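There are 2 protein chains.
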Amino acid sequence: MSTPQPRRAVYFVSDSTGITAETLGNALLSNFPGLTFLRHTIPFVDSVGGARDVVRGIADAHAAGLDPILFTTTKDASVSDALAAAPATRIDLLQGHLTELENCLATTATEQLGRFHTVGDPEQYFRRMRAVEYAIEHDDGQSMRALDIADVIIVAPSRCGKTPTTMYLALQYRLLVANYPLTDDDDPGDGLPRDVARYASRCFGLTTTPLRLSQVRHERRPSSRYSSLAQCTRELRRAEILYRATGIPYLNSSTKSVEEMSAVILQTLKLRP
Amino acid sequence: MSTPQPRRAVYFVSDSTGITAETLGNALLSNFPGLTFLRHTIPFVDSVGGARDVVRGIADAHAAGLDPILFTTTKDASVSDALAAAPATRIDLLQGHLTELENCLATTATEQLGRFHTVGDPEQYFRRMRAVEYAIEHDDGQSMRALDIADVIIVAPSRCGKTPTTMYLALQYRLLVANYPLTDDDDPGDGLPRDVARYASRCFGLTTTPLRLSQVRHERRPSSRYSSLAQCTRELRRAEILYRATGIPYLNSSTKSVEEMSAVILQTLKLRP
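In order, the protein sequences belong to chains D and Y.
Each residue of the first sequence is one higher than the one before, counting from 1 in my numbering.
Each residue of the second sequence is one higher than the one before, counting from 1 in my numbering.
Copies of the same chain are indistinguishable here, so a pair counts whether it falls within one copy or spans any two.
In silico DMTMM-like pairs for lysine to aspartate or glutamate, Cα to Cα no more than 25 Å straight-line:
no., residue 1, residue 2
1, Lys-270, Glu-133
2, Lys-270, Asp-140
3, Lys-270, Asp-46
4, Lys-270, Glu-123
5, Lys-270, Asp-60
6, Lys-270, Asp-151
7, Lys-270, Glu-22
8, Lys-270, Glu-240
9, Lys-270, Asp-148
10, Lys-270, Asp-53
11, Lys-270, Asp-195
Hints listed in this document are in silico derivations from the structure and should not be mistaken for laboratory results.
These figures come from a predicted structure and were not determined experimentally.
Kindly generate the complete structure, drawing on both the sequences and the hints.
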């Protein structure tokens, strides 16, 4: 019997939303898959009082034997100093790099408190809202209204992952993304469905494994022909024949996250802003 | 007349999706708001050949006087070595911290190539798909079907930002989020709309400035009563009276990004997973 791995408490502390701290902190922790981490994200720590509350919480974890690790992206010096009192391994995700950048840009950073994930540009906000609304309107072939201005049209059989990928592209990159279902009525010999055929250059296909598709469809309609392995196998095979015949790029969603698929779609269709 | 600021080419290079490199790199660059950066994200650089292509591109930028900066999150040693040849200020976003973590965890990182934004857990993928589909189904009060299992119900007058915030919470945190419109028919004296009143403890309100709302509504219906400043002022005032009267928390979306609002909603409703 192997020794049980100790659990470590991990804190992502930020003066803003905590997203950067969480993202980079987790990216670093993912390199240690055998260990157990108890994660806590504490955003909006922009005062010494707030920092002291955090330190108290960390001290409790330390007393409980959880050997805390503290990832920070706080910029205010007094807040950072207050956090230094925490009984934890402190990993400041910004400071070293910020100094490197200051040297290379021959200027000093502004004193703004980590405003990256804050509103900044109203124009960006509008574009994002517009992209999300466009995605909802043009989800699952429900509307062709503004299909001509789509940046990407994702096609695939039902439940291959069109919708989450669409929403991610809209939110993260503010692209106008429509998605369109391939059904049993679509014969690969006829090419892409008529509504999207003229936009083939913007199409991107998804496929997956028959087993995964069957599992996902089973959640929605258990014990149906729709979710049967035979039907899934058939629809996926026809979809892949279609993609190859029409030359549209495609990906297997069973082995990729929404983030990965989006990155590939951007690169393939040369859509990076 | 001030000296024009030089433009700097910035590269975010990763062996995976590039999201972490982009996010942290941009968070660092946001501290230098007066400078102009030409950004390039290059994901999936996981071979020496790929790294050399990147180096060539950077050399071109250098020759054009763009004084490149290179942010990396690549883990493979041979890829990192190949990138070291680039004529750029190199800022490795992971390496220093990875060593700190290795020391603190008394173990070495696995050799997996930066797999954080990759598929990992199929269960997470299902939860995310389910959350996005739930959000679309329960957008704008269109369906009450599964409102009882909502983690959050965002309420606000039309165009205050309910939908992008909903989608972000679904994608990023896999929460089940519904949203419900407040209309001119809703009298604050009657409390929350009947469909959501029983779920008041999960409600979160949004407001904005009358000018911002008028601008956003104008895009959809120009020169209408709906987009008039008077109507917007009225609806927002009634919404805020309602929030205060029912005690539901609320935020002004005109000063916050979707990320920020989501972080506040999570904290306020104690929804962090």
